[in-house]
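Chemist: Since the structure of chain A is already known, use the hints to place chain B on it.
Chains A and B, in that order, are what the protein sequence lines are.
Residue numbering for the first sequence is 1 to 415, as defined by the numbering used here.
Residue numbering for the second sequence is 1001 to 1283, as defined by the numbering used here.
Careful: at least some of the hints might be erroneous.
Below, simulated EDC-like cross-link-like pairs (lysine to aspartate or glutamate); rule was C-alpha separation at most 20 Å, straight line [unchecked claim]:
1. A:380 to B:1047
2. A:207 to B:1216
3. A:271 to B:1051
4. A:59 to A:304
5. A:271 to B:1112
6. A:309 to B:1216
Worth flagging that the hints you see were computed from the coordinates, not collected in a lab.
The primary structure of each chain is shown beneath.
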Amino acid sequence: MRTRIAMWGVGAVLVVAAATGPVAAQSKAPIRIGEINSYSGLATVYTFPYREGLLMATKEINDTGGVLGRPIEFIFRDDKLKPDEAVKAARELVGQEKVDFLAGCISSGVGLAISAYAKEAKVLYVATHCQTSRLTWDDGHKYVAHTTNNVNQYVRALATKAATMPYKKWAHISPDYEYGHNVWDEFSAYLKQLKPDMEVVQQNWPKLGETDHSSYVTALLQSGADAFLSSVWGAQEIAFVKQARPFGLFEKVHYFSASVGNPDELDPLGKEAPVGAITPGFAWYDDGMQKRHPKLAEWVKKYETRAKKEPTLGASWGYASAYIIAEAIKRAKSADTDKVITAFSEGFELEFPWGKVIMRGCDQQAIPPQWVGVVRMNAKGRPVLADVEEVHGKDVIKSCDEVAKLRAAAAEKKK
Amino acid sequence: MSGLSVGMFLFLVSVGMSLIFGVTRIVNLAHGSFYMVGAYLMVTLVEVLPDRPWAFWLALLVASLGVALLGAVIEVGLLRLIYHRDPLMQLILTFGLILVISTLVLLAWGPDNKSVSRPDALAGSVPIFGQPFPSYYLLVLGLAPVVALGLWLIFYRTRWGMLIRAATVDREMLGALGVNVAALYTQVFAFGSWLAGLGGALAAPTIAVALGMDGDVLTTAFVVVVVGGLGSFAGSFISALLVGLLQSFGILIFPAISIVLLFAIMAVVLVVRPWGLLGRPEQ
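Bound-form chain A, shown alone (with noise of 0.2 Å):
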């Protein structure tokens, strides 16, 4: 472990030299922020883009004033995608690093964990990447914040796809953990409210980071069902898709997923992507979504030039999560904790070049656009989201209402 955290360590405070450079100029103190995430095996997939979309949002902010005069800085921290390591370095953060704020978070389970940190230390924390929809609502409180995309809205906005489609009997496969759970249940709940004569015909739980789904493929095959969904993702799935396609499974059962769309996905599956699988994702080279959003090109021109990679849903994530932390506190004109809550707590919202993002004040949660796209090969024979369909979030979120009868259940079970 020493070695990767020492690598980390060195890394972090190159990359936070490198971004504040500019800002040595200025001389106020900078605003600092904490940022806890899984920056060592396997999730960097998705937290190396965002950490660059993040510092992307930063060196713009910072080169044109800062906020309040005040450049802003985060101090990087790796959780190892462990609650505990999490919440410890949480803890010397705020009493060492002296810190403003807490941020970050790609694991679910790290997310709530640093949550519960924050109410009890009273410090605020803005989680970034983790998408379950407990952090603001079944477990919500006002110590946290949450500026990307949860669960209940993709998954519905996915649910409406499928709604519009002539499917009666579903199945599906899910990772037996919180994350699939909670897919798997947004998922079946809403298309039975939009479609009442759906039914579910069968369910497979393996368990995470399972790599051999060949008696699911079997079972899915068997099932009669007219569509499955899929809430396995990343490195999961991919074997999934890899093994169910020789079954011919995608020819016969229509294939829904939470995930397969995104391109740490539909890349490496190359030739041996599910063409017809519906999924959300952020399909910022399709030409639909740059006409909706004239200023999506050149945002993409920029983070390639800068990151030498295309940009992904995380880095957006990443790059959005700078700037809702930034407005919050121009909007409490002061980096003091109660009245960066009190801007969370009275919502706002942000124009991106992805569209507009609602930061809803009743749980602080974030409320960007939602795609859902069909898989396809584009000409050079790359698998890409096409026909991508938009959707608010505020057209399918849970509303306040809804969200506070979550809560008071949720404290009626501690009780």
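Modeler: Coordinates of chain B only, in the frame set by chain A:
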């Protein structure tokens, strides 16, 4: 059927681990990392080599040999220095190797998930008992017994194999008889690493090649080796098949406890036969 093919991947990895332990008495925790490096090398080789039918097989050979070379370098450069030390030191060293190798893999290949396409001839499936069965798994089902048979021939029909078997029984005596034990250790370690690399390279087209695959395979391979008997090759074979089948059928019959089942079997074996199914008790 697919349970059998999973068992075959496991066999390749665990027999290498078992072999290394049998001869050098080192529990090589970095064995999963060798498997991961084999898969990553496979990714690069398939990308670099021209898109021809033979390229896949050449890549398989070169990737696994690359891992063998890595194993040899690690044995000569690091492990040789600590054979006489406390076994705990050896564990710490090989554990450290896991971290070093995973960081190096991240630096060399980057954080993105990778994948290897199956060779076109094996991309489809063939009907068996009226059910489609992926032809690539058939290859694995065919190849692993060939490797097993090859191992048996090497161990029981060659002089080198005889020396290895002798080394598992009494190393000092072997050295006293004038055999270059140091060289034998390097060869065995490289050979064991080759098997791990081959397992990784062969598994690459059926999974995503990603960071973290080292840990997944290590845990299962460890169980296989312990259940089969540390240092026993036939034991590894049987126990790999058992674990592979268990993982496939276990999730169908007892989905909730399939993970526990694996370790429960290990626990039972350890209580009843602490030296494993086909292992020999320590003297």
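Chemist: Does each hint fit the structure? Answer for all of them.
Modeler: Quick rundown of the hints versus the structure:
Our distance criterion of 20 Å between C-alpha atoms is met by residue 380 of chain A and residue 1047 of chain B, whose separation comes to about 17 Å. Restraint check: the Cα-Cα separation between residue 207 of chain A and residue 1216 of chain B comes to about 12 Å, which is no more than 20 Å; the hinted pair holds. Taking the CA atoms of residue 271 of chain A and residue 1051 of chain B, the gap is near 14 Å; set against the 20 Å cutoff, the hint holds. For the suggested pair residue 59 of chain A and residue 304 of chain A, the alpha carbons sit about 15 Å apart, so the restraint of at most 20 Å is met.
As the CA atoms of residue 271 of chain A and residue 1112 of chain B are separated by approximately 17 Å, the hinted pair is consistent with the 20 Å bound. Between the alpha carbons of residue 309 of chain A and residue 1216 of chain B the distance comes to roughly 29 Å, so the proposed pair goes past 20 Å and is violated.
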